[in-house]
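S.K.: Protein chains in written order, with this note's numbering: chain E, 8 to 174; chain P, 16 to 261.
Think of the hints as simulated: they come from the structure by calculation, not from any bench. All residues carry an ideal CB built from backbone N, CA and C; glycine is no exception. Be a bit skeptical, because a hint or two may be false.
DMTMM-like mimics (lysine to aspartate or glutamate), calculated; alpha carbons at most 20 Å apart, straight line [claimed, not checked]:
hint : chain 1 : residue 1 : chain 2 : residue 2
1    : E       : Lys52     : P       : Asp155
2    : E       : Lys163    : P       : Asp55
3    : E       : Lys171    : P       : Asp55
Examples of chain P residues lying across from chain E (beta carbon under 7 Å, computed) [as the list claims (entries may be wrong)]:
hint : residue
4    : Arg102
5    : His150
6    : Glu209
7    : Trp232
8    : Gly236
9    : Pro239
10   : Ala242
11   : Pro245
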Amino acid sequence: MVGKPPNCLTETPLFKLAKAAALAAIVLPATAVIATAAGPNPAFKLRHDNFEAMGRAMKGIGDELKKPTANVAVIQKNAATLAAAAPKVKGYFPKGTGPEAGVKTEALPAIWQRPADFNAAADRLVGATRNLQVAAATGDLAKIQPAVGAVGQSCKGCHDNFRKPRG
Amino acid sequence: MTGAATAPIRLWDLPVRLVHWSFAALIPALWWSAENGKLDLHETLGLVMLALVVFRLLWGLFGSSTARFSGFVRGPSAIRGYLGKARSGLAAPVVGHNPLGALSVLALLGLLALQVSLGLFAQDTDAVESGPLNHLVGYDLASTLSEAHEFVFNLILAMVALHLAAILYYRLVKKDDLVRPMITGRRAFPTAVEAPRIAPLWRAALLAVLSGLFALWLSWGAPPWGARFPWDQPAAAAQMDSSTYM
């Protein structure tokens, strides 16, 4: 889908939550009311925001590389953002935060079915973003270009296997 | 058509018909490619669409008399006058777009122009698959333009529906087949009318080449101001393209 706003994970609308809470207050014990009112697992929003930050950083780097003259400082800043965000990815997918949670998410069950593969893919991203940060520090576009490509490949590798296809 | 018809005249020239049917084929193809995540194809088709829209706008200035905006765009009073006459059945046959239909042409072309312009800056959810000028705007503006790109498609659908409804109305109520002349280019009129001035094809070819080059230039990111020329890239840049990290 082109032009979809960056909401791969949207929280349940407030009114739905309120409705569910009201219903639960009538038919369920008080503990269930508290559980429902607590809202979805914070991991949904945390990982969404983290991925969005990485998307913004990748765009920031890609934009510079397309421009007639690249601003290396902008690339370095975004490379630092990527390197800081990448290690967080693994921790943002606790059990119970897949599609079964009833929250809109593009996370596929494969994340929890093949944890070793998922963790390896996440580690690959961490390594690639570290390498990019090192390459960016040199200021040499000939080193930065392939390092950005490697980060992109690690994004793609994970999207292909663990994210719901678009459409 | 009722009544004794005169010999058919050339109503729509070849460029108008080619552009028209290309629009008809491209609009569903663009929708399909976007819905199915085939964004490389979507971008290519979008640039073809852009070239066609630019060509049609130029043809509206330099083309045959039935293609020129000056030949069919009328003010509100002329439209009211035409509608009054049409209601009482007194309107003389119009060679080309009638004053009301002119609004439809302007709306459709305007929406297509707006849509391809928005698409140049649009991006998908991750901002990794993006239009050729996306790098010239920031993430948030690009997101807004992307939402607008999605919304304007609904306006295009509405105009297409109106367009098809009008064709059906002409066919069923006014017993007038508008589709056939748009295929053959020719139609007969009940009374003698002045034949349109058909512009030479070499002029269409020249404008088509210019429009194509313009779209190609945009696809490069508008160098030298917006990007480098493709033959002026650092060696490593060739390895990167938009599909690298989708």
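S.K.: Measuring from the C-beta of P/Arg102 to each C-beta in chain E, is the shortest one below 7 Å?
M.R.: violated (42 Å)
S.K.: Under the criterion that the straight-line Cα-Cα distance not exceed 20 Å, is the pair E/Lys163, P/Asp55 satisfied?
M.R.: holds (15 Å)
S.K.: Next item in the hint list is P/Pro245. Is there a CB on chain E closer than 7 Å to its CB?
M.R.: violated (11 Å)
S.K.: For the pair we were handed, E/Lys171 and P/Asp55, check the Cα-Cα distance against 20 Å.
M.R.: Measuring from Cα to Cα gives roughly 19 Å; hence the hint holds.
S.K.: A closest beta-carbon separation below 7 Å is what the hint needs, so does P/Ala242 meet it against chain E?
M.R.: holds (5 Å)
S.K.: Does the nearest C-beta of chain E fall within a distance shorter than 7 Å of the C-beta of P/His150?
M.R.: With Cβ-Cβ at 4 Å, under 7 Å, it holds.
S.K.: Are P/Pro239 and chain E close enough, Cβ to Cβ, to be under 7 Å, as the hint says?
M.R.: holds (6 Å)
S.K.: Quick check on P/Trp232 please, does its C-beta sit within 7 Å of some C-beta on chain E?
M.R.: With Cβ-Cβ at 14 Å, over 7 Å, it is violated.
S.K.: Check whether the Cα positions of E/Lys52 and P/Asp155 lie no farther apart than 20 Å.
M.R.: The hint holds at about 18 Å.
S.K.: At a threshold of 7 Å, is the proposed contact between P/Glu209 and chain E supported by beta-carbon distances?
M.R.: Where the cut-off is 7 Å and the nearest Cβ of chain E is about 46 Å from P/Glu209, the hint is violated.
S.K.: Are P/Gly236 and chain E close enough, Cβ to Cβ, to be under 7 Å, as the hint says?
M.R.: holds (6 Å)
Figure legend: structure checked against the earlier numbered hints; hints not met, in rising order: 4, 6, 7, 11.
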